[in-house]
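Chemist: Heads up: the sequence lines are chains A and B, in that order. For the first sequence, my numbering assigns the number 1 to the initial residue and increments by one for each residue that follows. For the second sequence, my numbering assigns the number 1 to the initial residue and increments by one for each residue that follows.
Just so you know, nobody snuck in bad clues.
Think about it this way: if two alpha-carbon atoms lie no more than 30 Å apart in a straight line, the pair counts; the simulated DSS-like pairs of lysine-lysine are: (1) A:259 <-> A:353; (2) B:515 <-> A:259; (3) B:13 <-> A:259; (4) B:216 <-> B:515; (5) A:353 <-> A:136; (6) B:515 <-> A:353.
Keep in mind that the hints were calculated from the coordinates and are not lab data.
Chain by chain, the residues run as shown.
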Amino acid sequence: MSDVPAHAVSFVRQEAIPPAPPPSSASGPMSWLKDNLFSSIGNGILTVLSLYAVYWILAASLPWIMNGVWNAGSLAECREILAGTSGACWAVLSERWNQLLFGFVYPEEFYWRPSLAFLLLLVCAAPVLFPALPRKLLVLTAIYPFLAYFLVWGGSIWTPVLVAVGFIVGYVAYSRLVTQSFAYGFVGGSVAAIIFWSLQGLIQAPLDAVAPVALEAVPSRDMGGFMLNMILGTVCISLSLPIGIALALGRQSSMPIIKWICVIFIEFVRGVPLITLLFVANVVLAYFLPPGTTFDLILRVIIMITMFAAAYIAEVIRGGLAALPRGQYEAADSLGLDYAQSMRLIILPQALKISIPGIVNVAVGLFKDTTLVSVISMFDLVGMIRGPILASTDWNGVYWELFGFAALLFFVVCYGISQYSQWLERQLATDRR
Amino acid sequence: MSTMTDPPQEQFKLSMLLNDTRYRSYTFQALALVLVIIAVSYLASNLVRNLEAAGLNISFAFLGEPAGYDINQRPISYNNQDSHLRAATVGIMNTLIVAFLGCVTATILGVVAGVLRLSNNWIVARLMSVYVEAFRNVPVLIWILIIFFIMTAALPPPNAFRGTEPEQSMLLNAMAFTNRGVYAPGPVMGPGGGIVLAVFIASIIGVFAYRRYATKLLYDTGRDLPRGWPSLMILFAPVTVLWIGFALTAGAQQNAVLVPEGGGDQSLEAFVMAEGGAAICMIDGSTSSVVTKTELLKLQAAAVSGPVEDRTALRIRTNRVTDAEAGIAAFEAGECNVLALPSASAADVSGADALSTTVREGRPFEFDRPYLSGFNFSDGIQIRGSLIALWFALAIYTGAFIAENVRAGIQAIPRGQTEAAASLGIRPGRIMSLVILPQALRIIIPPVISQYLNLTKNSSLAIAVGYMDVTGTLGGITLNQTGRAIEAILLLMLFYLIISLSISAVMNAFNNAVKLKER
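Use the sequences and the hints to build the structure in full.
Modeler: The following block contains the structure:
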């Protein structure tokens with residue numbers, strides 16, 4: 001510190017000098033290039049190689065994509081129009097669009113029904129997906145399965161309505177009995193619902209006679225195309241969640257018999273490939289059903305895929321349960337909560353939150369695995385491409401366009417789901433703020 | 001003072017089975033057990049009734065019956081008169097082959113992509129993200145089919161390699177990419193080949209042992225042995241010395257080339273030119289045969305590109321036999337006109353003359369190259385399009401997942417570890433190998449092993465491209481031919497279960513071995 005006062009010297013700058021711009025070598029695009037692309041010789045070589053790879057891919061594919069033909073009746077026509085130049089034959093997509101999406105036997109005049117069901121899926125799933133939306137909208141979600149069933153399969157409206165009423169009956173019974181204990185409530189609710197459903201036939205006949213509201217029924221074997229992938233994906237994922245939770249709790253249970261039943265089931269299902277389970281659905285499951293029962297192939301497949309997904313989800317949730325600190329379990333016990341209460345109120349909400357990324361991974365994997373049904377000759381998107389479309393004389397040989405389209409469709413859905421899950425994870429990260 | 005008294009012994013009442021937590025678990029378990037037993041017996045009774053109605057029974061006798069179908073990729077000898085059991089064994093080996101190839105390739109791809117994704121090179125990191133996202137979000141079945149169609153529909157047919165001005169030419173004159181598969185040179189073991197191979201394996205073990213010893217020495221005494229060049233030396237020096245030794249001695253031995261009587265005492269070239277071609281009896285595993293074939297192919301190639309017009313039509317054929325006796329028999333029967341055996345002279349083979357050209361015995365390893373003969377390629381190794389599709393698709397798909405595991409593992413190590421190591425004065429390469437990797441590997445390896453398991457299970461998609469793995473044989477053709485659905489699928493599941501359970505056993509053992517030893 002100088003002891004000369006400021007006013008005593010002849011000149012002292014009173015204001016700060018404005019900061020000088022950084023030297024041009026440390027800012028601007030050149031510096032960015034130097035830091036990120038050419039920081040060393042090895043990096044420079046890598047950059048040049050990657051740029052060349054990108055150029056090579058784009059040079060090979062862009063003209064082919066842009067030069068594509070959208071209007072033609074067959075591959076031969078496409079080639080005529082292209083006249084020897086390189087170009088894609090997108091006409092196969094425009095001509096077979098409906099087949100790719102809905103399969104080749106779903107009645108054409110009813111395409112609006114699955115389309116509407118798909119749009120409603122976006123609307124009705126929103127309350128579950130986005131916690132910020134008002135909770136009352138969850139009613140829509142609850143209604144959706146019945147509505148979607150009615151739209152896609154058709155038939156009398158009273159079938160889904162009465163099934164829904166059965167659930168309501170069960171819930172009413174449950175809420176009456178749950179005050180005593182969860183087990184009473186659960187058993188009572190299930191029994192009430194089952195009794196109602198067994199009487200459903202009696203109620204439905206007069207209702208159908210009085211108010212015959214119905215859409216024309218479409219049998220399940222007519223489902224196909226990407227619609228089949230969507231149906232299998234959504235149905236199996238939503239069914240496997242509760243089963244998976246139950247299996248995970250069973251596996252963590254202190255009761256040895258229940259634990260071992262769950263362990264054997266989970267390890268067995270996880271140890272075999274999905275294809276073998278689909279084979280079971282295709283050729284073996286019929287042997288285990290009462291003689292004379294005919295079971296839709298699609299229903300059998302749903303059962304097997306649900307089992308498969310449930311085992312994987314159970315493992316993910318078990319991971320979540322194990323990741324919770326012991327103190328949470330002990331705190332729940334010390335509050336005097338019984339098993340069902342502590343699970344419902346303390347443990348599962350936290351464990352499920354931890355498990356979200358894993359569950360989404362399983363869901364994405366499962367959605368991708370729905371393409372495997374093409375191996376047991378069901379006509380999902382891949383089955384449609386491999387079967388009716390590539391085998392037709394018109395479009396024999398348009399592999400790139402068709403598989404590119406299928407890959408893109410799956411990519412959009414799966415990438416969307418995984419991005420959503422990352423967003424949700426950030427939303428739910430309440431403990432790290 | 002108070003006296004402790006036991007609480008009054010409670011009388012066991014039936015209602016306690018439901019209301020007392022001590023007994024309730026027994027109730028639940030008994031209930032669950034009863035339900036499971038009822039369900040199982042219900043299913044079993046349905047099964048019995050259905051089988052009766054269909055006139056079937058459960059029996060594994062079909063495994064002993066002749067399979068009656070061919071398998072295009074046979075790691076062990078198999079023909080269609082062999083049993084279903086042998087067909088299933090071939091299928092199992094094919095599954096293991098594609099799983100092994102896939103796991104190795106996926107690991108390489110995954111580690112490279114995972115490390116590059118963390119690279120500070122902007123464009124490389126972006127490209128790797130694109131790779132990972134593109135492959136993780138598209139079903140593996142679609143990738144398998146895409147690669148399969150590249151292999152079968154986009155590659156040229158073998159006859160594109162034909163003619164003086166072929167549309168396609170073989171890569172390095174040794175590999176051909178055709179729509180019937182990729183043809184590559186096959187290794188043939190010559191004199192000392194087994195010893196060289198054994199020494200090489202021993203060297204690999206030696207490298208690990210040396211590095212282990214070096215680490216132990218570093219930890220125990222602080223003495224730091226060099227690792228790089230001694231490892232390379234241990235790996236390559238003994239093999240190179242042996243190779244040169246065998247190639248110069250046993251491998252350089254000159255062998256007579258035998259031709260039918262009357263053709264002797266001229267050079268191989270003159271003989272082949274005079275005959276307009278040659279049919280050589282190839283003895284599998286004999287390097288002198290391979291060397292002779294290489295000489296013949298060279299003559300053919302020279303003839304094709306050479307100035308002399310009449311040389312273009314040299315026809316080279318091979319007739320593969322299993323051993324020298326069969327070769328001599330085939331030669332005596334007139335099935336071929338050139339025979340090159342180790343240490344055989346014209347005196348041993350009736351009706352044979354020796355050419356003035358001799359061929360050397362061969363190096364410890366010779367490569368038997370494929371060549372175009374007739375409508376297809378012969379000899380060498382044929383890698384079918386279905387195997388390549390399955391192998392590459394599974395490897396690239398699983399590699400994307402492994403890349404994510406590798407990235408997560410490396411990122412999970414706190415920066416502080418790197419900084420702490422650097423502040424101790426450790427060099428960057430050593431920081432990676434001594435500080436970061438040992439910690440990251442503990443995180444990386446368990447998920448990677450479960451990716452291997454997934455790859456093995458996904459290899460069952462072979463059935464979509466006609467690769468004959470165990471799903472294609474036992475779960476495919478055998479099932480359809482015999483109608484033994486339950487038995488076949490049961491065995492199939494058992495196979496995959498055994499694989500899964502043994503891999504998880506290995507994984508558990510590994511986890512226990514590397515677990516942080518905490519108190």
